[in-house]
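**Q** Protein chains in written order, with my numbering: chain A, 514 to 829; chain B, 20 to 342; chain C, 117 to 679.
Hint data in this document are derived by calculation from the structure and do not stem from the laboratory. Every value quoted in this text rests on a predicted model; they were computed, and no experiment measured them. Treat the hints loosely; a few may be bogus.
[Unchecked claim] Now the stretches of chain B that chain A is said to cover, found in silico as 3 or more residues with beta-carbon under 8 Å: (1) 129–142; (2) 156–169; (3) 235–244; (4) 300–306.
[As the list claims (entries may be wrong)] Derived pair list, reagent style BS3-like, types lysine-lysine, alpha-carbon separation capped at 27 Å: (5) K717(A) - K439(C); (6) K259(B) - K243(C); (7) K642(C) - K719(A); (8) K719(A) - K243(C); (9) K430(C) - K719(A); (10) K536(C) - K717(A).
We put the beta carbon where it would ideally sit given N, CA and C, even for glycine.
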Amino acid sequence: MNSHLSDTIEPTPSRLRRILDSDLFYAFQRSPVAVVSSLVATLLILSSIFAPLIAPTNPFDPSSLNLMNGFTEPMTPNAFTGEVFLLGTDDQGRDVFSTILYGMRISLFVGFSAVLFAVILGIFLGLIAGYFGGWIDSLIMRSADVQLTFPSILVAMLIFGIAKGITPVEHRDQMAIWVLILAIGLSDWVQFARVVRGATLVEKGKDYVSAARLIGRRPYAIMLRHILPNVLSPVLVIATISLALAIIAEATLSFLGVGAPATQPSLGTLIRVGQSFLFSGEWWILMFPACTLLALALSVNMLGDWLRDALNPRLK
Amino acid sequence: MLRFILKRISQSFLVLFITGIIAFSMFTFVGDPVDNMLGQERTMEDVERLRAQLGLDKPIPVQYIKFLGEAINGNFGVSYRQGRAVSEIIMERAPATLELAALSAVFAIILGIIFGVLTAIKRNGLLSNFIMTASLIGVSLPTFLIGILLIYLFSVELGWLPSFGRGEVVQLGWWSTGLMTESGLKALILPSITLGLYQMTLIMRLVRSEMLEVLRQDYVRFARARGLSERDINFRHALKNTMVPVVTVIGLQLGSIIAFAIITETVFQWPGLGLLFINAIQFVDIPVMAAYLMMISVMFVGINLLVDILYALIDPRLRVAAK
Amino acid sequence: MTDPILSIRNLTVEIPTRHGLFTPVRDVSYDIYPGEIRGVVGESGAGKSMTGNAVIGLLDDPARIASGEIWLKGRRIDHLSVQEQRAIRGREIGMIFQDPLTSLNPLFTIGEQLVETIQLHLNVSAKVAKERALALLDRVSIPDPKVRFDQYPHQFSGGMRQRVVIALALCSEPSVIIADEPTTALDVSIQAQVLDLIKELACETQVGVILVTHDMGVIADTTKKVTVMYNGQVVENGTTDQVLSAPRHDYTKSLILAVPRPQTKLRRFPQISYDSRETNFKIEDLARDWTKVEKSKSGKLLEVQGISKQFLEKSSLIPSWRKYFTAVNNVSLDINDGEVFGLVGESGSGKSTVARMIGTLLDVDSGRVLFDGDDVTSMASAELADYRRQIQMIFQDPFSSLNPRMKVESIVAEPLLHHKILPRDRVSVRVEELLDRVGLTRAAAAKYPHEFSGGQRQRISIARALATQPRFLICDEPTSALDVSIQAQILNILKDLQEHLGLTMLFISHDLPVVRQMCDRVGVMKQGQLVEVQGTETLFTNPQQDYTKKLLTLMPRLAQLSG
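Just chain A, same shape as in the assembly:
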């Protein structure tokens, strides 16, 4: 079709126009899955960012708690104080709705940061491994292989365990979040490095890279300016799916007790706490955090899935 492009060319559209006109956006609009899941994900993310504004109480401020409020059912007035809570309260009298909002904050913060860390580390290592080859490539890929021998959840647990052993007891709770980010991020970089390395090898052989080398551009300029923009699209897909996995990984670690502490609980911690009350009838303490976790992971996963299919050039 392009062979009939005459040499008179129309004025260039703006950036926004390009995005709205693109095939990707077109596919997005037509896919109910994509639209719904991104709406849900956005809603959840926004509500966790604005948690302090939305939550009726701050559940982690001890002074605002009234133990008498404990174990209130959702939407029913408390027997002692008469207060009504949207999603009920837990054993300490904390409003479950608020704890979920704050918990989601932690979950999302850890999830995003961990993936960001993994992406940056992975892209960096993948680029230099692919571009320079030789011993750098071997070293990075061997490390990747060694690490890949173990499932990432185990690696994360191990790093957490070691870090816990190294930090003095007083600081353990504070450091937990950062250690968690480090642990999940370090367990995840390999897939990004591999994908970027593969894509770098492919792009490296293309003529536009030869042209840039012929001009005399330095390696770092070629990697950043030429290769990087062209290897990003598979990274985007993997990052989205990784985000869902990171959120679940964090929840799992927290549930097991090797993650976010009770003083800064994430959704996983809340579920752990709620587990013991499930079997004695106070189902809401566990169910609502669980549903939120599911909604979060599901919407991100759906988005990632859709993105992968939409960006796959072969499916067009």
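Fit chains B and C to the known structure of chain A by using the hints.
**A** Just chains B and C, lined up with the frame of chain A:
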């Protein structure tokens, strides 16, 4: 081919060596073993004596060699928490995990392959879409949540199945099995489903995407152009080409099942290696952590090696050299 | 005269897309007779392959037959059910694709794939099927069929694989075979063999062949009848002799005219004026702004002295176990000021490697390259800046030689900015000027490469190459990936550049007729070695080496072509 195998074996040893270093570092640098082993009432002489006894006054590389030597013999010292020999504890708990893992693996692999092939062949059918949606939920549900929900439904509400423990076990030599008693079998059901569900979804999605990829290839087009039936194409050509990369991934999944057992065992209070490891982390019981690590790495490295060799055997491009 | 075995009548294929209904095939009609090879020729996008897909029932969703009829041996086949279509496929109509490597399942031996197909169409036992398979392998001239039977596709060379593919298509003795660009992916010498095989088989088995190709040479050598397609429609139909010597339609005329003639050297390549594809190449403006090209000190701008290059084929920790592949073996040549030096050879001969070594993209293992007396092979990166300003390269693949994520402006500006030739604010003006000179409007600067056609992209590459006003230009197969009509355009631009600006060029190609038209002297490469170097006319009329003679005989004769 031979060169390939040799290369992989040497790589495996490298991995084991490195993991050994990590495990060893945990021992020496994290916490003080002597501190952990002696009680509050101790004198400086006690400390010195124990140090010398444990060989902690020797230079680090020597300690490492000693550590490796002990490890190979299966001696990992004594658990800080339980006061018993680590190797003894591990032997006791291993069968529980292995049985659970094996059952889950079978469940995950068989159903995963069946569903994967089904959804690849009938891409747009109603059943396919349903399975795909269910699989998305499966991948989004953390294992522990699945376990909790299953317990709630089948144990608490319906009361059909037990919510914790292995039930009655039968001792066969050093192995204890739950497969031979009714309560043992009942106890295995929920944990296996919990452990296997996530893996099954993964395998299913993998098989599906690989198969779809294969069905797009030129040689499938050419097979169609020669008049081969869809059944022949799907089950003779596409399936075989799909299985080759999938088999290797499934092999690796076996390793991850053992890791995820940690979660399942925690939820169901299953007395296996996973629960042991989690408790060890919480109590910073270094010998157990180190032992678990070494054992797992031997297992994983072994699985990886076997999988790579298997791949080289199946794919003729690796097996037979080009002209 | 017998009836045709296949008859396509007024076939139209449509594809519903996001932007509307797209009709890649419109009202196409032609017939195939037994034992006859009909060529279907046209440029990319003409709809020739799509027609073939429609005939065999392999149109990919959402493409569909909108109207028209397809008749096979007196029976209408375009409206059959899926099952009935499948029964015909392979049995009555066979098809072979372009790339033999991807056409065969890598996990099955070719014996297994043959037997499977034979047993599918003819109800015979495995033993009988194997005998037939061996007979087929023999008929397509595969040596040692018994041994080859149990081998895997990757153990065959490209040409042999294509023969296996042909054998597979013949398994059930079909009446028609559709060959979709069967030799495009093969080397020139192998091409001839495979085409001869097709001719033999057509004669022997009386199978009708539809030979889809974009190569006029193939048409002239192999086919008896030809159908010319353009933009989804048939523009001309007739016997090959008649169409080539006296074309009636304007498009056919210009298509034939644009094919470079091996016999004579013309001053310029005739361009297709069909569909007004003239471009405005402003060479005079360009020449006006061009700084005068200096003469080299010795008269020889480039001296290549004994360069060699090896690549690692098999790595190993033990040095003596490593295996190397010699890509370039002791090549020496000189290029004089203002000369166009051609380097020809088949794929794998090392010509591209030589070009890259000259451009310092690859290190030389031994030998030197002197540019105007300076040894560029021993210079460090920093010292090469000057050299890099004076040498530029145009690459073969217009789709991979421009960064898809960069705007055209940034692409062309890159050398200017890197060498700091102009201050920043003057760069965009210069870029627009350059784009204008090569016949693309100034508005092209703000667009991305994928918005342009192959020929337009090559012109952007040329604009980029001209930005630093180089003295030396390396052209690595600059038109091999382009349609023949665009080829003429680009080659004319290159010729103009060379004549008016006094550029020295190294022109690499496997296409001998093009080389004859473009170059002053020619070097022939074979498996890494420079076999012969001569002035162009001498080489073509009086070759010395046997290999050169062999290459020349493989050139399509195209004697009947008009003009």
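**Q** Each of the hints needs a verdict: does it hold here or not?
**A** Status of the hints after comparison with the structure:
1. 129–142: violated (count 0)
2. 156–169: holds (count 10)
3. 235–244: Violated - the region 235–244 of chain B has 1 residues with a Cβ nearer than 8 Å to chain A, which falls short of three.
4. 300–306: holds (count 4)
5. K717(A) - K439(C): 24 Å, holds
6. K259(B) - K243(C): Holds, at about 24 Å.
7. K642(C) - K719(A): The hint holds at about 25 Å.
8. K719(A) - K243(C): 49 Å, violated
9. K430(C) - K719(A): 23 Å, holds
10. K536(C) - K717(A): 25 Å, holds
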